[in-house]
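Respectively, the protein sequence lines represent chains F and Y. Residue numbers for the first sequence follow our numbering, so the first one is 1 and each next one is one higher. Residue numbers for the second sequence follow our numbering, so the first one is 1 and each next one is one higher.
These are calculated hints, taken from the structure and not from any lab test. Wrong hints could be hidden among the right ones.
Unchecked claim - DSS-like cross-link-like pairs, simulated, lysine-lysine; straight-line CA separation at most 30 Å: (1) 22/Y <-> 69/Y; (2) 155/F <-> 43/Y; (3) 64/F <-> 60/Y; (4) 22/F <-> 137/Y; (5) 53/Y <-> 37/Y; (6) 64/F <-> 135/F; (7) 60/Y <-> 29/Y; (8) 118/F <-> 170/F; (9) 53/F <-> 155/F; (10) 129/Y <-> 53/Y; (11) 64/F <-> 92/F; (12) 130/Y <-> 60/F; (13) 43/Y <-> 60/F; (14) 86/F <-> 56/Y; (15) 114/Y <-> 22/Y; (16) 59/F <-> 37/Y; (17) 152/F <-> 114/Y; (18) 60/F <-> 129/Y; (19) 155/F <-> 129/Y; (20) 71/Y <-> 137/Y; (21) 43/Y <-> 64/F; (22) 155/F <-> 92/F; (23) 53/Y <-> 64/F; (24) 64/F <-> 71/Y; (25) 41/F <-> 135/F; (26) 64/F <-> 130/Y; (27) 114/Y <-> 60/F; (28) 59/F <-> 170/F; (29) 22/Y <-> 60/Y; (30) 152/F <-> 37/Y; (31) 137/Y <-> 106/Y; (32) 59/F <-> 114/Y; (33) 129/Y <-> 53/F; (34) 161/F <-> 37/Y; (35) 130/Y <-> 56/F; (36) 53/Y <-> 161/F; (37) 43/Y <-> 170/F; (38) 137/Y <-> 56/F; (39) 59/F <-> 133/F.
These numbers were taken from a predicted model, which means no experiment stands behind them.
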Amino acid sequence: MIRLTLLLSLSLMTLLTGCSLKQPQSADEFRLAAPTAFLAKKESYVVNRPYSKVSKAFKKQAPKCLSARIRTESRTNTSYQVIVTKYNPTVKVTKGRTELHLQQMHEQGVMHVSEVPKKGYFLMVVDAVPVSKNKTRIDYYGPSMSVDNITKAIKGWATGKNMGCPDLTK
Amino acid sequence: MIKQIIEILLISLMMTACSNIKPYQATHKNNFFVNSKTDNDVKSSIDIYQVDKACKYIYKGTVSLEQGKNKIGLKNNEDNYLVVSFTTSSFWASSTSSMSQDMMIKPDKGYTYKLDLSYLDNIYNIELKKTQPGSNKTITIDTLSPHRCQNK
Numbered sequence: 001m002i003r004l005t006l007l008l009s010l011s012l013m014t015l016l017t018g019c020s021l022k023q024p025q026s027a028d029e030f031r032l033a034a035p036t037a038f039l040a041k042k043e044s045y046v047v048n049r050p051y052s053k054v055s056k057a058f059k060k061q062a063p064k065c066l067s068a069r070i071r072t073e074s075r076t077n078t079s080y081q082v083i084v085t086k087y088n089p090t091v092k093v094t095k096g097r098t099e100l101h102l103q104q105m106h107e108q109g110v111m112h113v114s115e116v117p118k119k120g121y122f123l124m125v126v127d128a129v130p131v132s133k134n135k136t137r138i139d140y141y142g143p144s145m146s147v148d149n150i151t152k153a154i155k156g157w158a159t160g161k162n163m164g165c166p167d168l169t170k
Numbered sequence: 001m002i003k004q005i006i007e008i009l010l011i012s013l014m015m016t017a018c019s020n021i022k023p024y025q026a027t028h029k030n031n032f033f034v035n036s037k038t039d040n041d042v043k044s045s046i047d048i049y050q051v052d053k054a055c056k057y058i059y060k061g062t063v064s065l066e067q068g069k070n071k072i073g074l075k076n077n078e079d080n081y082l083v084v085s086f087t088t089s090s091f092w093a094s095s096t097s098s099m100s101q102d103m104m105i106k107p108d109k110g111y112t113y114k115l116d117l118s119y120l121d122n123i124y125n126i127e128l129k130k131t132q133p134g135s136n137k138t139i140t141i142d143t144l145s146p147h148r149c150q151n152k
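Just chain F, with the same shape it has in the complex (with noise of 0.2 Å):
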């Protein structure tokens, strides 16, 4: 699963980038390319919560639980690859909205042909704004397969159900 994972990421990438081999450099263009992206999508939710307490959840869970380094290590017959990724979260809380950021650096068995932002490419990005007292909506843009661990994760946090951390190695 985490091969395919990795697969539909870097083609995500790859889409994302079209010809012209440049990627995303920050959230802004990510979530410009991403909705009209192959295999990538824009979707949105309402949440029965404030504002306030989905941020701080995101502040709380996003550094815990999505800081990771994973490595995959595969073999067949014929070949051996090991490819180590570390998923950089950040979390950015800008007037009147909360941003989660997840980047992906490949330290490892990935080569890269295009140029890297700072903390990796841009695996996903999931603003959380405000609609009403106790309504937050969730903006998510994204791969549209190969990541439901980490959007169910972030909808537990969102919703406040389910604080838990999503396994990266699935």
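Since the structure of chain F is provided, determine the placement of chain Y on it from the hints.
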């Protein structure tokens, strides 16, 4: 048939003997209570290391956790380095995957420690609490930034 069973048993014994995993033998009073709740195909365990004054990590053994409550005795007033692992096995795919989280704990004499673990549907939770002797007051301990051993 009997020959096959004996062969399987011998192979299992050899595998166990060759493995570096040894069961943790507690010589201390139970002060660390673990409540584990996982999916059926997930096994949880804790590797226990004692950390000496030179910050050397000495492997003391592994506790394979049962579903529900588990009792462990950790040495008081000494650094205990714990590695909690969740291992998922897929028999048909002949594969296993494991994820771990480490923590350092220095039990205070008389206090009890409660670790709540869950791994359900690829989402895990680890929460460590400390209870004062003779009271119900509990303190949640941050497992994200455990104190690190420093040469004394």
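Hint check:
no., hint, verdict
1, 22/Y <-> 69/Y, "holds, 21 Å"
2, 155/F <-> 43/Y, "holds, 26 Å"
3, 64/F <-> 60/Y, "holds, 28 Å"
4, 22/F <-> 137/Y, "violated, 55 Å"
5, 53/Y <-> 37/Y, "violated, 35 Å"
6, 64/F <-> 135/F, "holds, 25 Å"
7, 60/Y <-> 29/Y, "holds, 16 Å"
8, 118/F <-> 170/F, "holds, 25 Å"
9, 53/F <-> 155/F, "holds, 13 Å"
10, 129/Y <-> 53/Y, "holds, 25 Å"
11, 64/F <-> 92/F, "holds, 15 Å"
12, 130/Y <-> 60/F, "holds, 21 Å"
13, 43/Y <-> 60/F, "holds, 27 Å"
14, 86/F <-> 56/Y, "holds, 27 Å"
15, 114/Y <-> 22/Y, "holds, 23 Å"
16, 59/F <-> 37/Y, "holds, 26 Å"
17, 152/F <-> 114/Y, "holds, 27 Å"
18, 60/F <-> 129/Y, "holds, 18 Å"
19, 155/F <-> 129/Y, "holds, 25 Å"
20, 71/Y <-> 137/Y, "holds, 20 Å"
21, 43/Y <-> 64/F, "holds, 22 Å"
22, 155/F <-> 92/F, "holds, 18 Å"
23, 53/Y <-> 64/F, "holds, 29 Å"
24, 64/F <-> 71/Y, "holds, 27 Å"
25, 41/F <-> 135/F, "holds, 23 Å"
26, 64/F <-> 130/Y, "holds, 20 Å"
27, 114/Y <-> 60/F, "holds, 22 Å"
28, 59/F <-> 170/F, "holds, 23 Å"
29, 22/Y <-> 60/Y, "holds, 8 Å"
30, 152/F <-> 37/Y, "holds, 19 Å"
31, 137/Y <-> 106/Y, "holds, 18 Å"
32, 59/F <-> 114/Y, "holds, 25 Å"
33, 129/Y <-> 53/F, "holds, 23 Å"
34, 161/F <-> 37/Y, "holds, 17 Å"
35, 130/Y <-> 56/F, "holds, 24 Å"
36, 53/Y <-> 161/F, "violated, 42 Å"
37, 43/Y <-> 170/F, "holds, 15 Å"
38, 137/Y <-> 56/F, "holds, 25 Å"
39, 59/F <-> 133/F, "holds, 20 Å"
Of the hints listed earlier, those the structure fails to meet are numbers 4, 5 and 36, in rising order.
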